[in-house]
Amino acid sequence: MNPPDLQDRFLSHLQDHKGILYKVANAYCSRREERGDLIQEMVVELWQAFPHFDSRASFSTWMHRIAMNVAISFHRSEGRRIRDALPIEDFGMDLAAADRVLDAQGDDVRALHQMIARLDDINRALILLYLEGYGQDEIADMIGLTPTNVATRINRIKHKLQREHALAGETT
Amino acid sequence: MSGIDLDEMRGRWKESNRQLDEQLGLDVEAMRRALAGRTRKAFRRHSRWLGFGLAMNAVVVVALLAFMIGERHDWRYLLMAAPLAFLALAELVVGLRQWSALKRLDLTASLLEVRAKLDVLRTRRLTMTKWIMLGSVLLWWPLLIVLLRGLTGFDLLRVLHPSVVTISVMVGLAFIPLALGVGVLLRRRFGGSPGYQRFLQEAAGRSWSKAEDEVSASLRFEQAVESGKVDELLMQPTGVPAAAAATLAGSKRATLAAIGFYATLMVLTVLFNLLHDGRTLYIVAGILLNLTWIPLMVTAILHRVALDKLDFGMDSERLRGILTGNVAMRASVARTVIALSPVLLLPIFGVAIHAITGIDVLTFFGSAGAIGVSLAAVSVSGLLFWAMRLACDTFLPGLVEAVLFGAPSRTANLLARIP
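In the order they appear, the protein sequences are chains A and B. Under the working numbering, residues 5 to 176 are what the first sequence spells out, in order. Under the working numbering, residues 51 to 469 are what the second sequence spells out, in order.
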């Protein structure tokens, strides 16, 4: 496959799954400018890894895995950071509009995002993947935990939220 | 806040994905241009920046080796350059391993695998930083002497009184076990305090500090969920409260002034070392003076860093712990300095009088007189230490306040303004 074909395929996949970039960046960075930088870093890493992508596999799964690893690396300031990244709006990505979409989803979605942002980096990834609809085995494979451990962690978080819900109900 | 059921949220989450894809937009052509040009160039530029750091390190190693070959007949310079070359070489090896590991980092691996590799890199860097810090007091004079000799050919060793080098070597050697010992003592005394935890985070570096902050935030959130106070936590302000802003700014200025003052004392100690004529009593005093200013300076710097990074969004108990922990560490050092001051002031006066009037007080008083005055000073110091043990936090609070440039009262003032 020649490079332009490869690039077309990559950009087409990216176009279909750009929401993933936003959601992962949103979970790991609180400031909008940082999210823009992180998204560009994810795109560069995805593009560099794309020649090794097995087309029989799911692009979104592969993308999630790389995006979250870049986010963790970015988060810990150990990664190869693009220091002179362009404003993300130069790529037509309107993060402010995306923020408004999330705001319009209601208080509970906003609260969920706040909760995700307060989890440690692994639990954050775990919940993101769970909400995206991945099964326990897939999550376990992507994160490197056992399926049982994944189930336990998800249950813990669920129970806490339910307890909080019950307590909030009592006080209102 | 309405309740959150993760299973129910899954459907809405996927629905928001669809809306996000519609709203986000992606200029494919702009992205194509970026991938083909600027972004990759930026990426390469950053790689070059990393490579530049390593190249500079390699130049230092080569320059030091060349210096050692050039000075192979002068054992004094060989002895001074050897530890510098060793440290530079170790730094280069650690840097190369880090660079190579980052280049090989497989981002398609599982998250835990990637995180474990990042942690290994961090540990290596921390170990290197620790040894550079421990060796810094020992090596700064050799660095200066080797630099002058290497760059200008000037032989500083001929000009300097041997006592200066002796003092620097002895201080440096004494500093290593002392710093390790103080580390153990601080861990025992303040191990559980948030102030000490913040000290460790800062010593470990910014990235570690950030990661720790995340873990703490996570713990706070879990505690809030357990106690049903998530709403309160989410509503907490994160900026500096208006009532505390001026006090905090004053505390920062005072800490900076203290750092400047301690730095001046360190420079004056160099002057002290240059002015005395190498008598044993003064050499010992020079070592003591250096060992006195260093902890004052280090704890003041840590206090300032903690003030700069105060997060008013964290729970007030932890915030108070960080503030009081830092001041407690500084006060503990200040009390020790005050108790030691009679012993320290004696040689300072001796050297100052000699420099100003030309009178050698040791000769003036005679050996018996000098021993008598020294014993008196040691006795007063001993009494002060005894009083310090009895009084603990209430030991000469006015003097502690002065040595710390008002840090205890400013902190109490700041604490009173935190909701």
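Treat the hints as calculated values from the structure; they're not laboratory data. Check the hints yourself; a few may be wrong.
Claimed, not checked - If you want the ones that stay clear, here's a sample from chain A, every Cβ over 10 Å from chain B, calculated:
#1 ARG36
#2 GLU37
#3 PRO55
#4 ARG60
#5 SER62
#6 PHE63
#7 ARG69
#8 GLN140
#9 ASP141
#10 THR152
#11 ALA155
#12 THR156
To be verified - Facing chain B, a subset of chain A residues (Cβ under 7 Å, in silico):
#13 LEU10
#14 ARG13
#15 LYS22
#16 GLY23
#17 ASP98
#18 ALA101
#19 VAL105
#20 HIS117
#21 ILE120
#22 LEU135
#23 PRO151
#24 ASN159
#25 HIS163
What the hints assert, rightly or not - Only part of the chain B face toward chain A is listed, based on derived beta-carbon distances under 8 Å:
#26 LEU56
#27 ARG60
#28 LYS64
#29 LEU74
#30 LEU168
#31 HIS211
#32 GLU367
Ideal Cβ positions, reconstructed from N, Cα and C, are used throughout, including at glycine.
Taking the hints in turn, this is what the structure says about them:
Every CB of chain B lies more than 10 Å from the CB of A:ARG36, the least distance being 13 Å, so the non-interface label holds. For A:GLU37, the requirement that its beta carbon stay farther than 10 Å from each beta carbon of chain B is met, with the minimum near 16 Å. Distance check on A:PRO55: its Cβ is at least 12 Å (rounded) from any Cβ of chain B, clearing the 10 Å threshold; non-interface status holds. With a least beta-carbon separation of about 15 Å from chain B, A:ARG60 lies farther than 10 Å from that chain, consistent with its non-interface assignment.
With a least CB separation of 13 Å from chain B, A:SER62 remains clear of the 10 Å interface cut-off, as annotated. Every C-beta of chain B lies more than 10 Å from that of A:PHE63, the closest at about 13 Å, which supports listing it as non-interface. The non-interface label for A:ARG69 is inconsistent with chain B: the shortest C-beta to C-beta separation is roughly 6 Å, within 10 Å. Remark: the non-interface label on A:GLN140 is consistent with the geometry, its nearest Cβ contact in chain B lying 13 Å away (cut-off 10 Å).
Distance to chain B confirms A:ASP141 as a non-interface residue, since its nearest Cβ pair spans about 13 Å, more than 10 Å. Listed as a non-interface residue, A:THR152 keeps its Cβ farther than 10 Å from every Cβ of chain B; the least gap is roughly 15 Å. Separation of A:ALA155 from chain B is adequate, the least Cβ-Cβ distance of about 13 Å exceeding the 10 Å criterion. The Cβ of A:THR156 lies farther than 10 Å from every Cβ of chain B, with a closest approach of about 14 Å, so its non-interface assignment holds.
Given hint, A:LEU10 at the interface with chain B, is violated; its Cβ is 10 Å from that chain's nearest Cβ, farther than 7 Å. With 7 Å as the threshold, the beta carbon of A:ARG13 stays out of range of chain B, its nearest partner Cβ sitting at about 12 Å, so the hint is violated. Because the closest C-beta pair between A:LYS22 and chain B is about 5 Å apart, less than 7 Å, the hint holds. For A:GLY23, the interface hint holds, since its Cβ comes within 7 Å of a Cβ in chain B; the closest pair sits about 4 Å apart.
Residue-level restraint check for A:ASP98 holds (minimum Cβ-Cβ distance to chain B is 6 Å; threshold 7 Å). Using the Cβ-Cβ criterion of 7 Å, the hint placing A:ALA101 at the interface with chain B is satisfied: the shortest such distance is roughly 5 Å. Residue-level restraint check for A:VAL105 holds (minimum Cβ-Cβ distance to chain B is 5 Å; threshold 7 Å). Contact between A:HIS117 and chain B, as hinted, is not supported at the beta carbon level, the nearest pair being about 10 Å apart and thus beyond 7 Å.
Given hint, A:ILE120 at the interface with chain B, is violated; its Cβ is 10 Å from that chain's nearest Cβ, farther than 7 Å. Among the interface hints, the one on A:LEU135 holds; its C-beta lies about 4 Å from the nearest C-beta in chain B, closer than the 7 Å criterion. With its C-beta approaching chain B no nearer than about 13 Å, A:PRO151 sits outside the 7 Å limit, and its interface hint is violated. Taking 7 Å as the C-beta contact cut-off toward chain B, the hint placing A:ASN159 at the interface is violated, the least distance being around 10 Å.
The interface hint given for A:HIS163 is violated, since its Cβ lies 9 Å from the closest Cβ of chain B, which is over the 7 Å cut-off. Nearest Cβ of chain A to the Cβ of B:LEU56: about 5 Å, under the 8 Å cut. The hint holds. Interface hint at B:ARG60: satisfied, since its Cβ lies 6 Å from the closest Cβ of chain A, which is below the 8 Å cut-off. Hint status for B:LYS64 relative to chain A: holds, with the closest Cβ pair at about 6 Å, below 8 Å.
The criterion of a C-beta within 8 Å of any C-beta in chain A is met by B:LEU74, whose closest approach is roughly 5 Å, and the hint holds. Given hint, B:LEU168 at the interface with chain A, holds; its Cβ is 5 Å from that chain's nearest Cβ, closer than 8 Å. The beta carbon of B:HIS211 comes no nearer than 46 Å to any beta carbon in chain A, farther than 8 Å, and the hint placing it at the interface is violated. Among the interface hints, the one on B:GLU367 is violated; its C-beta lies about 18 Å from the nearest C-beta in chain A, farther than the 8 Å criterion.
Comparing the model with each numbered hint stated earlier shows that hints 7, 13, 14, 20, 21, 23, 24, 25, 31, 32 do not hold.
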